[in-house]
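Residue numbers (this note's numbering), protein chains in the order written: chain F, 5 to 352; chain S, 5 to 352; chain E, 5 to 352.
Be careful, since some hints might not be right.
Copies of the same chain are indistinguishable here, so a pair counts whether it falls within one copy or spans any two.
[Stated by the list, open to error] Derived SDA-like pairs (lysine to any residue); straight-line CA-CA distance at most 20 Å: (1) 55 with 38; (2) 202 with 156; (3) 91 with 193; (4) 52 with 285; (5) 55 with 305; (6) 306 with 288; (7) 202 with 216.
Note that these hints are calculated values from the structure, not bench results. These numbers were taken from a predicted model, which means no experiment stands behind them.
Each chain is listed here by its residues.
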Amino acid sequence: MSTASCSLSELAHRLDGILEGASDPPVTSVAGLREAGPSDLSFLNNPKYAKLLRETRAGAVLVSKTWEGEHGCALIRVDNPDAAFAKATEIFRPAPVRRVPGIAASAVIGRDVILGEDAHIGENAVIADGVHIGNRCEIHAGVFIGENAKLGEDIVLHAGAVLREHVILGDRVIIHNNAVIGSDGFGYSVDAAGVRTKVPQVGTVRIGDDVEIGACVCVDRARFGETRIGNGVKIDNLVQIAHNVVIQDHAVIVSQTGISGSSVVCQHAILAGQVGVAGHLTIGEHAVVGAQGGVTKDVPPKTYVWGTPAQPFEQYSKSLAHVSRLPKLQQKLAALEARIAQLEASDS
Amino acid sequence: MSTASCSLSELAHRLDGILEGASDPPVTSVAGLREAGPSDLSFLNNPKYAKLLRETRAGAVLVSKTWEGEHGCALIRVDNPDAAFAKATEIFRPAPVRRVPGIAASAVIGRDVILGEDAHIGENAVIADGVHIGNRCEIHAGVFIGENAKLGEDIVLHAGAVLREHVILGDRVIIHNNAVIGSDGFGYSVDAAGVRTKVPQVGTVRIGDDVEIGACVCVDRARFGETRIGNGVKIDNLVQIAHNVVIQDHAVIVSQTGISGSSVVCQHAILAGQVGVAGHLTIGEHAVVGAQGGVTKDVPPKTYVWGTPAQPFEQYSKSLAHVSRLPKLQQKLAALEARIAQLEASDS
Amino acid sequence: MSTASCSLSELAHRLDGILEGASDPPVTSVAGLREAGPSDLSFLNNPKYAKLLRETRAGAVLVSKTWEGEHGCALIRVDNPDAAFAKATEIFRPAPVRRVPGIAASAVIGRDVILGEDAHIGENAVIADGVHIGNRCEIHAGVFIGENAKLGEDIVLHAGAVLREHVILGDRVIIHNNAVIGSDGFGYSVDAAGVRTKVPQVGTVRIGDDVEIGACVCVDRARFGETRIGNGVKIDNLVQIAHNVVIQDHAVIVSQTGISGSSVVCQHAILAGQVGVAGHLTIGEHAVVGAQGGVTKDVPPKTYVWGTPAQPFEQYSKSLAHVSRLPKLQQKLAALEARIAQLEASDS
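Modelling step: build the complete structure from the supplied sequences, incorporating the hints.
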């Protein structure tokens, strides 16, 4: 939803720009060149996308005053398209939601809960016994915080997030909707008949400062000790982090990645989307695993790996190239065989 | 749970069929030939599955009056096995749940909420300030709808679903349990030390008419403007849709697929299960990406691609076939080498 | 959070061990050798990890009385490091949470609900009409149980879990937070214009005894009949189980795996993490699919398959090895070609 609508000409005026276009339709939002529709303002920030101006469906596109090129849309010429687009984004952004300090009437607060100053507890949130919540935390509607969990300051837990018992969060942590922190790890003993018995998962989860965790992420509590997420770590939606994993400071985990039990992701490492990491491995500092990669052994620091099983990127790229040339190689082999047969014939 | 149980002979009678079987056990459910157990009725609708009739554990199988073949189970012969099976499905289906219009006593409704006629708001649902809900919407237990969200008519939000602030839904949208629409996109600026700072995600999500979204799906709000899902789009469980993605009308996204930021999935495209799409790409109209495919560049319209990186299906299939023949190619090469050595020996 | 802190010397005393170390820092938790920090106790249980003792950051490591080797950390020598570590784990584990029988004041209980003895219904849980809940079940905060669901005894449903209408659970089932059991299957009819119409999903889900289901798992209800999960099945987080799938007794499904409609996973089969299984297939008894494998045809019993499309492990490993040797093969081919050219020259 946009909270504003204004005509193209008014918009050009507000952005100190010059409109080049035949009509003056209302604009209600902003969008990238590929995604924009007739009621969107878009912008050209990189010359390599200039060809998109022939086909964009945007209502108008912000370009620099000197830009020249083919286009099939209205233009608004400005001094700095980036800055003007940022300004337009502010015009069309919905008003941010402000949550006032206090406890909603329908929230349920257990015994021995310590609540910091100016904290907000939303409707139908459930805070179990012995929980500590720091100053200025926002606990949104329907959140569950289990027994004795400890939260630092300035935390935001979005609606539906679950923190299980004994979990510890640092300061300025953001956890998105329906994420689960502290569910049991996946651990069983197996008897001779292949029947599994649950191994109690008696540890917990400790999360540092300035961590953001996406929607529907699952972080399992440790079998013993702690599953640990360091400072500044950013985790995208639908990621799985198994028991006793350690994610060190400033690592980045992109959507739908899964990290198996007891593996360590070192500082500043990046796991791209849908990566899988087997158990008991170490991904070195500043290492990068490409999307859908499957890591089956330790990754050295500052190494870029890809593929399943994951290999150094250049090696894997060469393998892919060789595979794509296999049909030609097959032909070449047949040609050589014919030449050998020829030689054999003349030889005999 | 089946709400009915009846003997095989009574079932045959109700389906206008002829029972061929020695015993008359009770039937409580219906199932496919592979999955059926002794208390299930199954059916043969395709001759290619006829061999399953020798091994199925079904209590009885519906076949046509003229069918002949080996079977290890009771049969019920009918004129039209498909129609009879549909009728049996109705006999054994649980009674559908009807939700009456009205607001549950435990629901929490904010200020300035507009509620259409005959809408149902379930127990413990939380509707924030300024939300509009159209006629005949069903908002089930524990759903959270954030500030100023706008819902069309005849929508069903299943228990635990979360709609964040400002999200817009068309008519006849179904959102399954614990799905999250409008969580923040995954966007950061990075400083020289590799420390990330959150880029505000100030846009929203707009969803069209007749869209169905599965359980635990995550659709991120736009960094600016709107993440967009068109009319008639069907999204399976556990799918990730990043900020500023556009899914055009009638596209189909199968379970556990992930689509990175700002990519566009054009009309009628199909992404099979566990597909990954990198950012800023376009999947053309009527294109298909095979299961687990990893899309790293634009996919032209009406193209079927597979593999990681995704390639045209035929090309990828040929590559796979060549790889599987590599052991033979290796042998052939060794044989040629021997023949060359032979020639060289006789030549010298 | 650890509920205890004790000095290294006191810990050595409590574990009947002998401390070898210069300082006596406080210990607050236990951890593996790779993950441990200065306030953790760790242990050496397998000689192959002995080299980790040179680099571990653990406050101290439990080793056997006779162990000799390089180490850069304090040691506590004990008779049986495994047993001593288990004891230490108990010292540092947080106190388990006990839930008392009874119905929380904020829980909402529908009509015709049957509640067993000593059951616990947590805050803000919603139990719809006609639900049966067996003895000693724990239904945690914010859980939703739909109409006419039937639960056996000694079940634990963690906060935020959703059981949809008519779902049936056996005894001793554990379902983790925000898992969804019984959402609609993904089924549509398609018209000539490519517009999809929902096929009603009128079946349900039946789960056996001693099943554990992870956080954010989705199990779809059947199109007709039942989606079935047998006894002793263990399912990790974020797994997708489509409509009419059958998981037989004691199968194991690791995180982020997806199983398409109507496939059967036979007894004791294991699907490792991020596996995909196409529809209408059978994974045989005791079969294993390696991580990220993509199963496109039936897997025979007791077979270990890997890759996409999944192949017998040895065959796939050989293919991978052959691919990695392609650069050498290319060189060999060039060398043979040169020798042939030489022969041809001398022949003419």
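The hints, checked one at a time:
{"no.": "1", "hint": "55 with 38", "result": "within (11 Å within a copy, 51 Å between copies)"}
{"no.": "2", "hint": "202 with 156", "result": "between (32 Å within a copy, 19 Å between copies)"}
{"no.": "3", "hint": "91 with 193", "result": "between (59 Å within a copy, 18 Å between copies)"}
{"no.": "4", "hint": "52 with 285", "result": "between (40 Å within a copy, 14 Å between copies)"}
{"no.": "5", "hint": "55 with 305", "result": "between (39 Å within a copy, 19 Å between copies)"}
{"no.": "6", "hint": "306 with 288", "result": "within (7 Å within a copy, 36 Å between copies)"}
{"no.": "7", "hint": "202 with 216", "result": "between (31 Å within a copy, 9 Å between copies)"}
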